[in-house]
Amino acid sequence: MSFLSIDQTDLHHSMELCFAGAACDLRTNSSEVARVLQYLSISTGDTVPSGFKMRVVVDVSSEEAAGEPHFRGLHHVVTASFGRSNVFVFDILRRTLSAGVSAAVARDGRFWKEKLIPITLGVLGSAMGLVPVHCACLELDGDGLLIAGVSGAGKSTLSVALSEDGFNYVSDDWTYISRLGDGIVAHGTSAPVKLLPDAVEHFRSLQRHSLQRSMNGELAYEVDIAEAFGARVERACEPRWLIFLERTLEAGAVLTPMSSAEARRYVNSSVERLPPQLDEAVATREQTIGRVALLPSWRFRYGGTPQFAAKELREFVVHRRQEIYV
Amino acid sequence: MTDKQCWHPDLLRRFVPTPYVFSKWDGRNRLSVESNDLEIALSVRQAGIFHRQSNRAGGLLCKLIRDMAGPVDGSEITIVSDGALRVLYLGRGTILIHDHERSEFLGFIARNVTVQELVSSLTPALLDAYSQQ
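Chains as they are written, first to last, in the numbering used here: chain A, 6 to 331; chain B, 1243 to 1375.
Fair warning: there could be bad hints in the mix.
To be verified - A few chain B residues that face chain A, going by a derived Cβ cut-off under 10 angstroms, partial list only:
(1) Asp1324
(2) Gly1335
(3) Glu1346
Unchecked claim - Restraint ranges, calculated between C-beta atoms of paired labels, are given here:
(4) A:Glu73 - B:Asp1252: 16 to 22 angstroms
(5) A:Gly186 - B:Glu1281: 53 to 59 angstroms
(6) A:Tyr44 - B:Pro1251: 30 to 36 angstroms
Said to hold, decoys possible - A few chain B positions that, by computed beta-carbon distances, are all more than 10 angstroms from chain A:
(7) His1250
(8) Pro1261
(9) Lys1266
(10) Arg1270
(11) Ser1274
(12) Leu1284
(13) Gly1290
(14) Lys1305
(15) Ser1323
(16) Ile1339
(17) Gln1358
(18) Ser1362
None of these hints come from the bench; they were simulated from the model. The beta-carbon is built from N, C-alpha and C at its ideal position, and this holds for glycine as well.
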């Protein structure tokens, strides 16, 4: 039996970090973990109401790489394990992540960047006033565009096409929304953009990359959008519009307004069901969702390439901004 | 989109129904046991685990799920402790959680773990971790 007492281990590396606007109080016994997480930390200046604690103990005698993920949760506790040596306990009420990891995982920057940080924000976000919404987010000259849609609607390919068409990239799949005054702020993470195998038809540069098995078992390209496509990355922006993406077989593009009630239903459907022990977090989340639903919302039905859809959306944004300024 | 809330699949298995609910009083303190497995619920109620937890004043709520979908692997026990929370892993599939402050004992029990093993070995290993410390 091995016993890992995090509160009694000397965690002599201590630092204040920031992920998606959420302050993170990190304590660890590993300079490697501190270095990797400090590299990934990005302060956007728009911090969410409460931060979280991260306690990481590294077992230097273990070299076990991150294995298959296994998640479970009851009441306010969620656990994740990636093999026997890599265990993560999320205490949502106390906004704390307690972890024991191997030396191999401690220095695996991709694991922290692509898996652990997005998972932590997804699990603890609701207790911090940070709502994970299933949508992409792009930004043009300070104005944010949230692009929602069911899985397979083409959010990621459209995000890449918009990035190639002058937009700054914030996120392609999950965007973390927090309230700031009367408005909202959309935050991205350092997660890679995930493109399904057929995306190579639209983006030839993907041929240089290989397909990987993603966490949900899908075979996909998971690439850093800045490296793969030269996209400019923004970590946060103020959303102005919410677009619901629907692909049709018919060529062309049509934008029609949507009610805030429809928008609210969509956003509600993308958030995780939480147990009664987290009622306070649910209430805070509802308020943020209410603000998202107040954004001008449009349904965007299109048939054609992602590049065609990007041009249509660019025209839409330019046109709407002219209206705002007039 | 309809008016009815549609939730994602319960991948964490947070909302597994627990139809077997028992309560037991020890003086003024209440032991409450919920499970989706009758044998687990009865055995935990009878096992006297209440006396193992150091903070008895708040009673104890136990919610234990027989997890038929989880992995069945390993016999190594790992206990992670941080503040009020202690988590015991047996392999990856059996996970027992004790929140000392909230007096909650929660868990998922893999299909290869017997009720006998749960009450006589794993539960004491978790709850006695306080005294071992």
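- Item | Lys1305 (chain B) remote from chain A - nearest C-beta pair above 10 angstroms | It is violated; Lys1305 (chain B) is separated from chain A by about 6 angstroms at its closest Cβ, not greater than 10 angstroms.
- Message: Holds or violated: the hint that Asp1324 (chain B) contacts chain A, with Cβ atoms closer than 10 angstroms.
- Response: holds, 4 angstroms
- Taking C-beta pairs only, is Ser1323 (chain B) more than 10 angstroms away from all of chain A? violated, 5 angstroms
- Message: Confirm or reject: Leu1284 (chain B) is not an interface residue toward chain A, with every Cβ-Cβ distance exceeding 10 angstroms.
- Response: Answer for Leu1284 (chain B): holds, closest chain A Cβ roughly 20 angstroms.
- Closest CB-CB distance from Gln1358 (chain B) to chain A, is it above 10 angstroms? Holds, since 18 angstroms exceeds 10 angstroms.
- Message: Please check whether the beta-carbon of Ser1362 (chain B) is more than 10 angstroms away from every beta-carbon in chain A.
- Response: holds, 15 angstroms
- Does the Cβ-Cβ separation between Tyr44 (chain A) and Pro1251 (chain B) fall within 30 to 36 angstroms? Holds, since Tyr44 (chain A) and Pro1251 (chain B) (Cβ atoms, about 34 angstroms apart) stay within the stated range.
- Query: Is the distance from the Cβ of Gly186 (chain A) to the Cβ of Glu1281 (chain B) consistent with 53 to 59 angstroms?
  - Reply: holds, 55 angstroms
- Query: Does the hinted range 16 to 22 angstroms hold for Glu73 (chain A) and Asp1252 (chain B) at CB?
  - Reply: holds, 19 angstroms
- Query: So is His1250 (chain B) really clear of chain A, every C-beta pair being over 10 angstroms apart?
  - Reply: violated, 6 angstroms
- Hey, is Ile1339 (chain B) genuinely clear of chain A, shortest beta carbon separation above 10 angstroms? violated, 5 angstroms
- Query: Just checking, Arg1270 (chain B) versus chain A, shortest CB gap more than 10 angstroms?
  - Reply: holds, 23 angstroms
The structure shown violates the earlier hints numbered 7, 14, 15 and 16.
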